[in-house]
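Which chain is which? The protein sequence lines are A and B, in order.
Reading the first sequence from the start, the letters are residues 67 to 256 in my numbering.
Reading the second sequence from the start, the letters are residues 46 to 143 in my numbering.
It should be emphasised that the hints constitute simulated quantities derived from the structure, not laboratory data.
Please read all numbers here as calculations on a predicted model, not as lab measurements.
Yeah, the Cβ is synthetic: ideal placement off N, Cα and C, and Gly gets one too.
Incorrect hints may appear among the rest.
According to the in silico footprint, chain B covers these stretches of chain A (three or more CB under 8 Å from chain B) [to be verified]:
(1) 102 to 110
(2) 129 to 138
(3) 204 to 217
(4) 233 to 244
List time: in silico EDC-like cross-link candidates among lysine to aspartate or glutamate, alpha-carbon distance up to 16 Å [said to hold, decoys possible]:
(5) A:K168 - B:D62
(6) A:K249 - A:E185
(7) A:K168 - B:E63
(8) B:K129 - A:E188
(9) B:K130 - A:E188
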Amino acid sequence: MPNKDSKLGEPANWLADHGDSLYRYALGQLRDHQVAEDLVQETLLAALKARNSYSGQASVRTWLIGIMRRKAVDEFRRRGRQVDAKQNDATAIESFIDARGKWKFAPRAWGSDPSQLAENQEFWAVFANCRGQLPPTLAEAFGLRELESLDIAEICNILEITATNLSVRLHRARLALRQCLEKHWFTARH
Amino acid sequence: MARPRLPVWKILSLRCDEATLLISLSLDEELTRTERMAIAVHTFLCRSCKLFRRQMRLLRETIGLSEHTHAGFSLSPEARARIKKALDGSSASPEAKS
């Protein structure tokens, strides 16, 4: 079994290895690139000091995101914003598909060329905007899964929720993001 | 990671909310045989859910190809340099562990 120090790696490499991940996470939650950059720095400094408390169970990235998450929650509180609850109402499943299975915005064909889409700067601007409109808990779950490609167990670990709970958040996040992209990108352009 | 078993009769009577939940789940976990069959039957009959599944796949492939270089998905070189400097300063004079 690898010992935890070797798993932890060289702290000097943390910025290179995990900096972008941490930044994306922070940006998704706090929506301000300067605040996000500062939070990356604070998190890495805190991790440096707390490296003896790393248990070796989670991956380093999961551990670092966990530290950042606690800091982001503090930041939210400082700004007097609620992290949880009510603001999720607009993304209840019924606001996308009603009880009789009728879609509010029926999905259209989006084409089948991911590389063309990936190269389009304007698409990413719309994407960032749509992601920014998700309630924070949904943006968080979606980001960890789709942008960081963490597996379900790791995300449950970071968010301290069950797999069932996570699957509900991801479902809502995907429906909400999809609807936003449908409206602001795919319908607007074609 | 047990989730409630999907009853077999659901294969023929999935609603769209349930179908999209399963399609979403299929992007994250291994589905059971019953769940996979239920999606197959539903998407055969429902164009919207079939397109939903395609959209989700396209989105994931697109994100995978982006290499996170767009739309502020990565730290700017300036920010990176600034953070590196702060970290180097800190590790040069290690503080007592907290």
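Against the structure, the hints:
Counting residues of the segment 102 to 110 of chain A whose beta carbon lies closer than 8 Å to any beta carbon of chain B gives 4, which meets the minimum of three for the stated coverage. Figure legend: the segment 129 to 138 of chain A, annotated as covered by chain B; annotation inconsistent (0 residues with Cβ-Cβ distances under 8 Å, at least 3 required). Only residues whose beta carbon comes within less than 8 Å of a beta carbon in chain B count, and the segment 204 to 217 of chain A has 3; three or more means the coverage holds. Under the rule that three or more residues need a Cβ within less than 8 Å of chain B, the assignment of the segment 233 to 244 of chain A holds, with 8 such residues.
Restraint check for K168 of chain A and D62 of chain B: satisfied, since their Cα atoms lie roughly 9 Å apart, inside the 16 Å limit. A C-alpha spacing of about 20 Å is found between K249 of chain A and E185 of chain A, which places the hinted pair above 16 Å, so the restraint is violated. At roughly 13 Å between alpha-carbon atoms, K168 of chain A and E63 of chain B fall within 16 Å of each other, so this suggested pair holds. Among the hinted pairs, K129 of chain B with E188 of chain A is inconsistent with the structure: their alpha-carbon atoms are about 31 Å apart, more than 16 Å.
Between K130 of chain B and E188 of chain A the alpha-carbon distance is near 33 Å, which puts this suggested pair outside the 16 Å criterion.
Of the numbered hints stated above, those contradicted by the structure are hints 2, 6, 8 and 9, listed in ascending order.
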